[in-house]
Structures are given as structure tokens and as C-alpha cells.
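Protein sequences, first through last, are from chains A and B. Counting with the working numbering, you get residues 1 to 350 for the letters of the first sequence. Counting with the working numbering, you get residues 1 to 350 for the letters of the second sequence.
Possibly wrong hints are sitting among the right ones.
Claimed, not checked - Chain B regions said to be covered by chain A (calculated; three or more residues, Cβ under 8 Å): (1) 32-42; (2) 106-116; (3) 274-282.
Simulated from the structure, these hints should not be mistaken for laboratory data. Yeah, the Cβ is synthetic: ideal placement off N, Cα and C, and Gly gets one too.
Protein chains: 2
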Amino acid sequence: MKATAEGILAGNLRSLAKAITLVESRLPDHRAEARALLSRLRRSGRQALRLGLTGTPGSGKSTFIERFGLMLADQGQRVAVLAVDPSSALSGGSILGDKTRMENLSRHPNAFIRPSPSQSAVGGVSQRTRDAVGLCEAAGFDIVIIETVGVGQTETQVEQMSDIFILLLAPAGGDALQGVKRGVIELADLVLVNKCDGDLASNARQAAAEYSAALKLFRKRERDPEGFPKTMLVSARDGIGLEACLQEIQALAMWRRDSGHWTDNRARQAVSWFESEVDAGMLAGLEEISGIAKLRADLADRVGEGAVDPDEAAQKLLAGFRTYIESRDRASALETDVSGIQTPGIRGRK
Amino acid sequence: MKATAEGILAGNLRSLAKAITLVESRLPDHRAEARALLSRLRRSGRQALRLGLTGTPGSGKSTFIERFGLMLADQGQRVAVLAVDPSSALSGGSILGDKTRMENLSRHPNAFIRPSPSQSAVGGVSQRTRDAVGLCEAAGFDIVIIETVGVGQTETQVEQMSDIFILLLAPAGGDALQGVKRGVIELADLVLVNKCDGDLASNARQAAAEYSAALKLFRKRERDPEGFPKTMLVSARDGIGLEACLQEIQALAMWRRDSGHWTDNRARQAVSWFESEVDAGMLAGLEEISGIAKLRADLADRVGEGAVDPDEAAQKLLAGFRTYIESRDRASALETDVSGIQTPGIRGRK
Numbered sequence: 001m002k003a004t005a006e007g008i009l010a011g012n013l014r015s016l017a018k019a020i021t022l023v024e025s026r027l028p029d030h031r032a033e034a035r036a037l038l039s040r041l042r043r044s045g046r047q048a049l050r051l052g053l054t055g056t057p058g059s060g061k062s063t064f065i066e067r068f069g070l071m072l073a074d075q076g077q078r079v080a081v082l083a084v085d086p087s088s089a090l091s092g093g094s095i096l097g098d099k100t101r102m103e104n105l106s107r108h109p110n111a112f113i114r115p116s117p118s119q120s121a122v123g124g125v126s127q128r129t130r131d132a133v134g135l136c137e138a139a140g141f142d143i144v145i146i147e148t149v150g151v152g153q154t155e156t157q158v159e160q161m162s163d164i165f166i167l168l169l170a171p172a173g174g175d176a177l178q179g180v181k182r183g184v185i186e187l188a189d190l191v192l193v194n195k196c197d198g199d200l201a202s203n204a205r206q207a208a209a210e211y212s213a214a215l216k217l218f219r220k221r222e223r224d225p226e227g228f229p230k231t232m233l234v235s236a237r238d239g240i241g242l243e244a245c246l247q248e249i250q251a252l253a254m255w256r257r258d259s260g261h262w263t264d265n266r267a268r269q270a271v272s273w274f275e276s277e278v279d280a281g282m283l284a285g286l287e288e289i290s291g292i293a294k295l296r297a298d299l300a301d302r303v304g305e306g307a308v309d310p311d312e313a314a315q316k317l318l319a320g321f322r323t324y325i326e327s328r329d330r331a332s333a334l335e336t337d338v339s340g341i342q343t344p345g346i347r348g349r350k
Numbered sequence: 001m002k003a004t005a006e007g008i009l010a011g012n013l014r015s016l017a018k019a020i021t022l023v024e025s026r027l028p029d030h031r032a033e034a035r036a037l038l039s040r041l042r043r044s045g046r047q048a049l050r051l052g053l054t055g056t057p058g059s060g061k062s063t064f065i066e067r068f069g070l071m072l073a074d075q076g077q078r079v080a081v082l083a084v085d086p087s088s089a090l091s092g093g094s095i096l097g098d099k100t101r102m103e104n105l106s107r108h109p110n111a112f113i114r115p116s117p118s119q120s121a122v123g124g125v126s127q128r129t130r131d132a133v134g135l136c137e138a139a140g141f142d143i144v145i146i147e148t149v150g151v152g153q154t155e156t157q158v159e160q161m162s163d164i165f166i167l168l169l170a171p172a173g174g175d176a177l178q179g180v181k182r183g184v185i186e187l188a189d190l191v192l193v194n195k196c197d198g199d200l201a202s203n204a205r206q207a208a209a210e211y212s213a214a215l216k217l218f219r220k221r222e223r224d225p226e227g228f229p230k231t232m233l234v235s236a237r238d239g240i241g242l243e244a245c246l247q248e249i250q251a252l253a254m255w256r257r258d259s260g261h262w263t264d265n266r267a268r269q270a271v272s273w274f275e276s277e278v279d280a281g282m283l284a285g286l287e288e289i290s291g292i293a294k295l296r297a298d299l300a301d302r303v304g305e306g307a308v309d310p311d312e313a314a315q316k317l318l319a320g321f322r323t324y325i326e327s328r329d330r331a332s333a334l335e336t337d338v339s340g341i342q343t344p345g346i347r348g349r350k
């Protein structure tokens with residue numbers, strides 16, 4: 001493990017790839033090893049600019065990342081691309097697919113491309129992606145692009161591990177726009193309308209005007225300087241607007257760093273990650289108590305049929321749960337548990 | 001209680017008011033009595049059209065409800081207005097305030113106005129409002145308007161107990177629009193731009209065009225017929241557009257009834273209410289286990305400071321929690337708990 005850690009800190013891509021495979025493993029031994037590695041690497045204190053990116057199907061994400069990534073790489077910046085791909089959990093990885101769809105970028109010495117299978121298992125939904133981001137930061141990457149294809153809750157999870165979140169859209173052929181999933185437009189710092197080229201140029205300008213107007217309808221967030229969230233026109237195919245887009249990203253990143261929002265945002269993300277993992281883990285743990293899960297499912301069915309009032313059903317279930325908790329001999333057992341949790345492993349690293 | 005139930009079923013407003021006071025009480029005895037009353041009244045099977053209404057401050061909610069409610073009441077429809085008012089939890093109720101701000105409606109024989117204090121206590125956040133809606137339905141009201149001033153999560157909760165959700169907006173004096181809280185615009189079935197009168201008429205038309213364009217950017221929901229969500233112009237002050245607004249509400253309600261979305265929506269709301277109450281109640285119950293809450297808060301602080309990785313902190317806490325769950329002698333105690341939950345009180349009412 002020491003060799004892997006040293007390799008990563010030296011920027012060795014083979015060590016990085018090996019470590020990502022380790023954090024993706026579900027074997028308990030591997031998980032423990034992964035945690036130890038991540039913990040050791042965190043001491044480097046290295047941070048990259050984390051760019052979250054999502055887009056409607058057909059918006060040209062691959063072309064955009066390829067061109068945008070090449071521009072950065074050619075400037076001497078080291079770029080990692082992590083693609084959160086739900087399908088790869090089934091196919092066992094789509095590394096070749098990703099390398100094919102971003103062929104030139106994948107061959108660039110400053111670039112690293114890797115799919116990150118998303119999972120529906122509790123706690124594993126995107127923890128592995130988050131771990132992979134941390135590994136890329138330790139390996140000295142300047143920019144980590146976290147791409148999501150926008151299935152399920154992945155956009156929100158990716159936003160929760162990004163410093164800046166980008167929504168990529170394409171104007172449709174006619175006057176109809178690609179509908180954006182509810183909730184997603186509000187996460188965006190930048191809305192990029194792609195394919196501002198050829199026949200679609202005027203559609204793209206129209207779409208950009210509409211998104212720009214729509215963004216003004218929302219209440220301002222504290223972490224947004226004047227003019228953000230912002231809508232911009234790009235053509236990934238023709239390389240138009242990419243430089244301007246980078247400048248806006250850098251300006252926003254600088255403003256957030258200077259104003260303290262960058263640090264606040266990362267702290268807020270970490271705490272909210274912790275809280276939601278604890279909530280999900282505890283609820284999953286309770287489901288394993290024999291009887292609770294089945295009773296809960298039965299009650300939910302009856303509530304859905306209109307046979308029982310939801311509040312009444314919830315109170316019945318919770319009354320049983322409280323009895324379970326209260327009947328436990330806390331004095332003897334829990335004190336031990338809790339003291340067991342407060343290991344020097346945590347306390348010692350203040 | 002029998003007298004109260006009969007009074008409510010006969011449409012007696014004094015009985016209704018008394019029952020709402022009962023469901024609002026936090027005393028355990030009152031709560032049990034309230035549940036029994038609600039359970040008895042549910043058998044009536046009466047349903048009202050539940051209209052959720054929220055709006056930016058200064059959008060003219062009171063004037064709108066007064067005029068819209070009077071129009072309905074004059075048509076012979078019985079209208080109940082429940083105002084979810086966070087401030088009334090502090091002031092101990094703002095009944096006079098509500099009656100003053102909707103003076104004519106409050107005196108109409110077909111109308112009933114009542115504030116419903118919102119609460120931050122787990123399980124009580126808006127359960128009491130939900131109970132009050134059920135009481136109004138049993139009392140034979142045709143329409144129940146649930147108004148929220150839009151503090152915290154109240155809009156989402158009100159949407160979760162509404163058949164149709166309305167967002168009321170006012171154009172600002174200049175070209176700036178009132179910003180809408182993120183997430184709220186996506187809940188709306190109807191966006192009403194109010195104050196389309198006098199000096200603000202052209203601003204209102206402009207605002208309506210912008211919201212109408214913005215609504216088209218979102219992906220369509222299954223429960224929306226063609227043309228919905230819809231933006232409309234109204235002037236509550238001058239009574240303009242209220243009749244058209246009612247027609248749209250009725251058309252939407254009819255479409256949803258005929259297509260089955262009405263029933264599906266109520267079933268979905270009930271199940272999701274049950275699930276979130278169970279989750280919140282269980283998590284609150286776990287917080288009461290000595291040690292867990294404090295350790296969790298301590299870990300969250302350290303995660304926020306960047307001293308511990310969120311995932312690592314969560315796993316440590318969850319490991320302790322699992323030990324706690326597993327160390328329990330389930331075989332003896334839980335079976336009893338679970339069988340105790342499945343009372344004939346639930347099973348018997350299929």
C-alpha cells in the first residue's frame with residue numbers, strides 16, 4: 001500500500017488506476033485497505049478544481065469533454081475525467097467505451113479518463129466516485145471533471161462533490177427544447193447551450209436566451225457572484241466558446257475562493273455527505289431487524305390502498321420501534337459501543 | 001366525541017373548530033382522541049378538492065384567497081381556508097389576523113377560515129394541517145385551500161397534501177421579478193401572475209411570458225395534460241381572471257380524475273407521508289439512544305473542520321450502531337413487539 005500511495009503522490013497513473021480499482025471493490029478487506037489508503041493520501045492536502053457536468057441525452061457531453069479537456073491539457077493542466085455510468089455496473093465497466101468516445105483526450109499525457117460505476121446499494125451510490133475524486137486530487141490533477149449521464153439521483157450526488165456544476169444542453173431540431181429534469185437546472189452554476197454551429201446556431205441562441213431568462217426567476221444563492229448562474233453558447237464540435245467558458249469557470253472559482261464560499265461549500269458538502277450516509281445506514285440497519293421491514297412494507301401497501309391513514313400507520317410502527325429501543329438494556333451495552341466508536345484513529349488526527 | 005363527529009358530519013362549524021383544536025393539541029390524551037375521531041370520520045369517504053397555494057411575499061395571497069373564495073362561496077360551494085402560518089406557533093394563533101385579512105370571506109356562511117400553526121417538531125411539522133384538511137373534508141367542504149407563506153419546507157409539505165398546487169407571483173415595480181425559491185416552481189400546476197392591473201399590468205404580462213417560457217424547459221410530468229403546468233394572469237384586486245382560473249382548475253381536476261392520476265396521486269402522497277414519518281420517527285428515536293446523538297454531532301463537527309473524512313466518520317458511527325442492533329436479544333423481544341403492532345385496529349378496517 002505504501003508503494004501505491006507513493007506512486008499516486010508522484011502522479012503515477014498506473015498506481016492511480018490500481019487504487020481506483022481498489023476503492024471500487026466491494027470486498028470488506030479491500031474496503032478497509034481503501035480507507036487506509038485514502039486516509040493516508042488525505043494528508044497531502046492537495047485539492048483540484050472539481051467540475052460536475054451533466055447534460056440531456058444527445059447534448060454532446062463526450063465531444064464537449066474531449067475538446068474542453070484537450071484545451072486544458074494543451075495548456076499544461078492535468079485533467080482527470082470520471083464518468084459516472086450506471087450501465088457500467090451491469091457491463092462490468094466501459095473503459096474502452098469511454099476511451100473511444102474521447103479518443104484524443106485519452107491519449108494525451110496530461111489526461112486520465114476513467115468510468116465510475118454508480119450503484120444502487122446503500123452507502124455505495126457514489127461513495128466510490130467520491131473516493132476516486134480524492135485519489136485524483138492526491139495524484140496532483142488540477143481539474144477533475146465528474147460526468148453524469150443523469151439517471152436517478154446522480155446529478156444531485158455529483159453536485160454534492162463538485163465545486164462548480166455545469167449543465168450542458170442542446171437545442172432540439174425544431175422549436176422544442178430538450179426538457180430538463182426537474183431540480184437539475186437549479187443546481188447549475190453554468191448552463192452551456194452546445195451545438196451553436198451550422199443549422200442549429202439560431203436555435204441555440206434562442207435556447208440560451210430562454211434559459212438565461214429562466215435562471216433569473218430563481219432566488220439568488222449566497223455562493224453566486226453577480227451574473228451567476230450564467231448561460232453561455234458553445235460549439236464543442238467547432239471549438240467555439242470553450243475559452244470563454246474556461247474564463248468564466250476560473251472567475252467563479254476565484255470569487256468563491258476569495259469570498260470563503262469555496263471552503264464553506266466543501267465543509268457543507270462533507271457534513272451533508274456524513275449526515276445522509278448515517279441516516280441511510282441507520283435506516284438500512286433497522287430494516288434488517290426481523291419483522292420491521294416486512295411490517296413496514298405491509299403497512300405501506302395498506303396505506304396506498306387507502307385502508308389505513310398514513311399517520312396512524314406510522315405511529316403504530318414507531319410505537320413498536322420505540323418499545324424495541326427502550327426495552328434494550330442500554331446501561332450495559334451501549335456505553336461500550338459508543339466508547340468503542342471513539343477510536344484514537346479518529347481522535348488522534350485533530 | 002360521538003357528538004363532535006356527528007356535528008362535523010352535519011357540517012357544524014363549531015364542531016369542526018373544536019376538532020381542529022383537538023388535533024392541534026400536543027397532549028398525548030388529546031392525540032389519541034384525535035386519532036380516534038379522524039379514524040371514525042374517514043369512513044365518510046368524503047373528499048374535497050385540495051388546493052395548495054403558495055406565493056412570494058407581497059404577491060397578494062390574502063386578497064387572492066378572499067376574492068377567489070368569495071366567488072366560489074357565492075356559487076354555493078363550501079370553501080375552507082387553512083393557513084399554514086409559522087408565526088402563529090409563536091404568537092399562539094393568528095385567527096383574528098386571518099379573519100381581518102380576509103374579512104368578507106370570513107363572514108360568508110359558506111366559508112371557514114383557520115390558521116394552522118406549523119411546527120418544527122418531528123412528525124408534527126404539518127401532520128396537524130393534514131388532519132385539519134381531513135376534518136374539513138368530513139365536514140362536507142367542496143374546496144379546501146391550504147395556504148403557505150413559504151418558510152422552510154412548507155411548500156413541499158403542502159404540495160404533498162394537495163390535489164392541485166398553485167404558485168402566486170407578483171411582478172415587481174421595475175423589470176426585476178420576485179425571485180422564486182428554488183424547487184418551488186417545479187411543484188406548481190398553475191402559476192398565477194397577480195396584480196395584472198393599473199401600472200403593473202404590462203410588468204405582469206411580461207412576467208407571465210417569462211414564467212410560461214420557463215415552465216416549458218422542464219420535463220413533462222405524467223400527471224400533466226397538454227398545456228400544464230400553465231401560467232395565467234389575474235388581478236385579485238379587480239377580480240380579473242379568477243373565473244378563467246377556476247375553469248382551468250376544474251378542467252385539470254377532471255382530467256386527473258378521469259385519467260386515474262387523481263387517485264394515484266393521493267395514494268402516492270399517503271405512502272410517501274407514511275415513509276417519511278417512519279424514517280423521521282426512527283431516526284429521532286435513535287437520537288435518543290444515549291451517546292448516539294452526541295457522538296454524531298461531534299463527528300459532524302470534525303467532518304466540517306476537515307479533520308475526518310465524511311465516509312470514514314459515517315462508517316465508524318454505523319459500526320457502533322450495528323453492534324448495538326446486533327447485540328440485542330431479538331428472538332425474545334422483537335417478535336412480541338411486532339405482533340403487538342398488528343392490532344385488529346389496523347387489520348380490521350380493510
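Evaluation of the provided hints:
Judged by the Cβ-Cβ criterion of 8 Å, the segment 32-42 of chain B is covered by chain A as claimed, because 4 of its residues qualify and three suffice. Counting residues of the segment 106-116 of chain B whose CB falls under 8 Å from any CB of chain A gives 0; the rule of at least 3 is not met. Check on the segment 274-282 of chain B: 7 of its residues sit with their Cβ under 8 Å from a Cβ of chain A, so the three-residue criterion for coverage holds.
Checked against the numbered hints given earlier, this structure breaks only hint 2.
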